[in-house]
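Residue numbers (the numbering used here), protein chains in the order written: chain A, 1091 to 1392; chain B, 152 to 454.
Calculated directly from the structure, the hints in this document are not laboratory data. All figures in this text were calculated on a predicted structure; none of them were measured in a lab. Please note that a few of the clues may not be correct.
Below, in silico cross-link-like pairs of lysine-lysine (BS3-like), each with a Cα-Cα straight-line distance of 30 Å or less [claimed, not checked]:
{"id": "1", "chain 1": "B", "residue 1": "K399", "chain 2": "B", "residue 2": "K184"}
{"id": "2", "chain 1": "A", "residue 1": "K1191", "chain 2": "B", "residue 2": "K310"}
{"id": "3", "chain 1": "B", "residue 1": "K399", "chain 2": "A", "residue 2": "K1191"}
{"id": "4", "chain 1": "B", "residue 1": "K441", "chain 2": "B", "residue 2": "K310"}
{"id": "5", "chain 1": "A", "residue 1": "K1168", "chain 2": "A", "residue 2": "K1191"}
{"id": "6", "chain 1": "A", "residue 1": "K1191", "chain 2": "B", "residue 2": "K184"}
{"id": "7", "chain 1": "B", "residue 1": "K441", "chain 2": "B", "residue 2": "K184"}
{"id": "8", "chain 1": "B", "residue 1": "K310", "chain 2": "A", "residue 2": "K1151"}
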Amino acid sequence: MARKGLIARKEQRAAYLFLSPWLIGLTAFWLIPIFASLVLSLTEWHLIGRNPQWVGLQNYKDMFDDRNFWLSIRVTLKFMVLSVPLYLICGLLLSLLLNLKMRGINLFRTVLFLPAVLSGVAVAVLWVALLNPDVGAVNQILHGVGISNPPRWLQSPTWAVPSVVLVGLWGIGGGAIIYLSGLQNISAQLYEAALLDGAGPWQRFRYVTLPMLTPTLLFVLLTGLIDAFQVFDIAYVLGQKGTGDSLRFYLINLWNEGFVHHEYGYASALAWFMVLAAAAIILVVFRTSGRWVYYEYDPGRA
Amino acid sequence: MKTIERPVRTEQPPEVTPQRSVFRYRARRVSYKVAVYTMLLIVCGVILLPVSWMFTAALKPDTAPVFTPTPEWFPSTFWDWHNFHRVLFEDFPFFRYMINTMIIVISNILGVLISCSLVGFAFARLRFRGSTVLFYVLIVTMLIPWQALMVPQFLLFVKIGWYGTYLPLIVPSFTGSAFFIFLIRQYMRTIPRDLDDAARVDGLNTWQIFWRIILPLSTPVLTVCAVFTFLWSWNDLLGPLIYLDNDKSFTVALGLANLVTLADTPWNLTMAANLITIIPTVLVYFFVQKKLIGGIASVGLKG
């Protein structure tokens, strides 16, 4: 017994040594900043000049009277509502297409995943040029097929957010990789059993593929929802060209308050709201996930 | 099924029916294939044409209009390769930006591989008090977007005098990244435990088990982590935007974003810079593609 205790203690000491880089990072870059951020959000501070002034909950009260804050919420929600279902369905359809065993499918996969590795800035810059309302290629094509009054895309208040959604759709291959790995993890036996039972292609999809894919769907849904809070690159690149409020995403607004106006206290309050919103989304999704996510019984994992 | 059975049952096979149904069957297969390939080709066209347009624009001299009434998807008239030289060395310092970005990227890959493999190993294969709680903490830090902490992190780095240097963009990676730790832990858990036990019997200590046995077996997931780190830090805009203040230390993403903010953007040079920005990621992608997709599949996302 004593020997076992010794080995266990040695293992524990080794474990904490292995964990130490992360524990240091957790303290320095997460715990201290989280605490600091909580305190900061109760102050007014511009970094240069006066020390932080204690203002209590004033920053949080200000948020509710701040037009820009509500604008950023609206833009972010609009993006969420448009992008999440669209990306979920298109990613799934694309991955089903890419999962077919056909000649040359690897070549198609290579091409389709390509936009997923490109930088957000590069993609944004390319589409700013293509979606230029007066001379861009997209509207030239639309003119060519007889649409005399095409949308002004990123420069139009109504079309700006849908344009960002469409640009994201161009990179949907990234989401399709995740689906594809989920599809390839589905055991072939299940399909064979379904075939023997006389299931057609639709039934095989509905009763085998879809249930087995629900854990992947949960992951894609969660990251999709949280990603809406993280849209930055394309809105930043465009914002410099004066699109103004129609692309005031949550992160853009936060960055603007903190790093352009140097309102560090107020920006911290905005950041806390973001954490709470993200946490609320995660909780709601997980609470409801029990009803529709299907986990295969796997004795190896338990 | 029916089409095969019918001629067997009727003793005198009517020549026309099976042939016709075989033909119909084949026609259906062919039309199905044509439909799938058509869809795939359309999607590929939508992806490749903009890239090709970018290439065309990048090769145009300053005198030729980048935007033409009918979009030019393929380079035909102009082959001004000198534009790339201008972007890299003359008009804009993108060569320097690339070197800067490479410094950050390579440091980040090193940092992630070292720290995340150590931490992932501890979570996957060692028993210690508090492992469950710490694992929950890991999941929480993985789900909270880091941007929520960028203000206090920024103030911290300013206070310790790291503003304007690469340290804020490099050092955190050496303390691990929750997502990669999670991926590595998931992967290492699938390696049979018997290996550890056998190694312990042979007298290897924990470090030797990690270094000689588990780490070499984990190269697929380590490749995935290295590639993702490359892509994310190469493409990162917000980090360099916050921490770098000197034009000489900019990264490619930041340099590119600044090109568009110019009052009169030179679109041919911007597209050349854009190509320069994406070429390294595309090259890496082509080289590791198979491993990457296989790696993601092998890691799996199930709890």
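Going down the list of hints, with the structure as the test:
no.	hint	verdict
1	B:K399 - B:K184	54 Å, violated
2	A:K1191 - B:K310	57 Å, violated
3	B:K399 - A:K1191	50 Å, violated
4	B:K441 - B:K310	44 Å, violated
5	A:K1168 - A:K1191	38 Å, violated
6	A:K1191 - B:K184	11 Å, holds
7	B:K441 - B:K184	25 Å, holds
8	B:K310 - A:K1151	29 Å, holds
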